[in-house]
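S.K.: Going by our numbering, the sequence shown opens with residue 43, and the numbers climb by one from there.
Calculated from the structure, these hints are not laboratory results.
Model, not experiment: these values are computed from the prediction.
Do not take every clue at face value.
Here are the in silico distance ranges between beta carbons for each label pair [stated by the list, open to error]:
id	residue 1	residue 2	range
1	Lys-302	Glu-213	38 to 46 Å
2	Ser-115	Glu-299	19 to 27 Å
3	His-75	Leu-292	31 to 39 Å
4	Glu-254	Ser-317	23 to 31 Å
5	Ala-268	Asn-58	42 to 50 Å
6	Arg-101	Ser-275	54 to 62 Å
7	Pro-164	Asn-58	31 to 39 Å
8	Val-79	Asn-266	42 to 50 Å
Heads up, simulated DSBU-like pairs for lysine-lysine below, C-alpha to C-alpha not over 35 Å straight-line [as the list claims (entries may be wrong)]:
id	residue 1	residue 2
9	Lys-154	Lys-217
10	Lys-64	Lys-194
11	Lys-307	Lys-154
12	Lys-157	Lys-64
13	Lys-278	Lys-210
14	Lys-113	Lys-46
15	Lys-278	Lys-154
16	Lys-302	Lys-217
17	Lys-194	Lys-217
18	Lys-197	Lys-307
19	Lys-194	Lys-307
20	Lys-208	Lys-233
21	Lys-64	Lys-208
22	Lys-46	Lys-208
23	Lys-233	Lys-64
24	Lys-208	Lys-197
25	Lys-154	Lys-233
26	Lys-113	Lys-154
27	Lys-256	Lys-208
28	Lys-118	Lys-157
29	Lys-157	Lys-46
30	Lys-256	Lys-197
Beta carbons are placed, not taken as given, at the ideal position from N, Cα and C, and that holds for glycine.
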Amino acid sequence: MSRKHYLFKSGPFIFNIETPIKGVQRYLENHYHNQFVSPSDDVFIDYDVAVEHGPLYRRLFAPQAVFLFNKRSPFKPLPLDQAHAMLEWGMNWVISSTANQYLIIHAATLEKDGKAIIISAPPGSGKSTLCAYLASNGWRLLSDELALVDPKTLKVYGLARPMNMKNKSIELMRKYYAPDQFSAVATDTHKGTVCLLKAPQESAELCNIPAEPKLLVFVSYQANEACYSEMISPAKALTEIIGNTFNFGLLGTEGFETAKRLVDKTDAVYIEYSSFESCEEAISQALLTQRLACP
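Based on the provided sequences and hints, a complete structural model is requested.
M.R.: Structure representation (structure tokens):
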């Protein structure tokens with residue numbers, strides 16, 4: 043059983059990952075090779091995680107994998123073929139549970155021409171799928187899951203990690219990405235069928251560069267409907283951002299003030315869409331003109 047260690051940069055963090063699981067090794071070597079860093083005395087490891095085989099008695103029947111953070115397992119074991127997906131979920135949990143130097147919003151973040159957008163939406167609204175489309179179309183991916191807002195500068199940091207595609211979105215994205223950008227498919231997960239889509243190379247290489255947020259976008263996918271959009275008041279935007287923030291209560295006054303300042307310095311729009319192209323056009327017009335007009 044050959045164990046391997048991987049050291050890579052994800053936004054402002056450096057992860058050290060250890061695993062003996064071949065499927066996870068292949069996943070990391072394909073999806074993270076643009077972010078690998080060489081070990082040295084100057085490299086500070088923020089997070090030490092591992093993905094291990096489950097209990098020995100399960101090796102022959104229904105083998106499992108276990109996620110470890112600082113040598114402890116915060117989750118129950120999952121089927122072995124979900125190990126690479128569990129690694130991503132585990133890393134999200136580690137960051138959202140510990141990186142309280144940031145206001146952590148459950149949102150996708152992308153940047154184009156020096157302007158960042160924060161796309162916030164409840165599960166099932168098409169947020170990650172829209173994010174993947176935009177990342178394939180000239181936008182720099184920061185994250186499809188976590189927006190890290192610096193309370194001091196209000197700049198948003200990304201992670202440039204693989205994007206989590208679920209169910210029908212997997213096939214939708216195959217027209218925009220090469221086959222080797224897709225991970226093995228994990229079936230019967232708590233999120234359905236899951237596939238991890240590799241971050242574009244440029245996004246991965248620029249993963250440590252923050253961006254200036256200019257627009258808050260709240261989206262809802264509505265099949266076969268015309269694109270609809272409207273500006274959102276600062277009060278409504280603030281309520282939505284607070285509701286989608288992982289550590290708002292923990293940060294207390296600082297969390298509220300950061301969210302308020304973020305809303306004050308950005309525009310906020312709500313978009314219902316059925317096509318990626320119309321949604322992107324609406325976002326682009328909002329950034330250019332401060333008005334929203336769907337094509």
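S.K.: Output the indices of the hints that this structure fails to meet, ascending.
M.R.: Structure breaks hints 2, 10, 12, 16, 17, 26, 28, 29.
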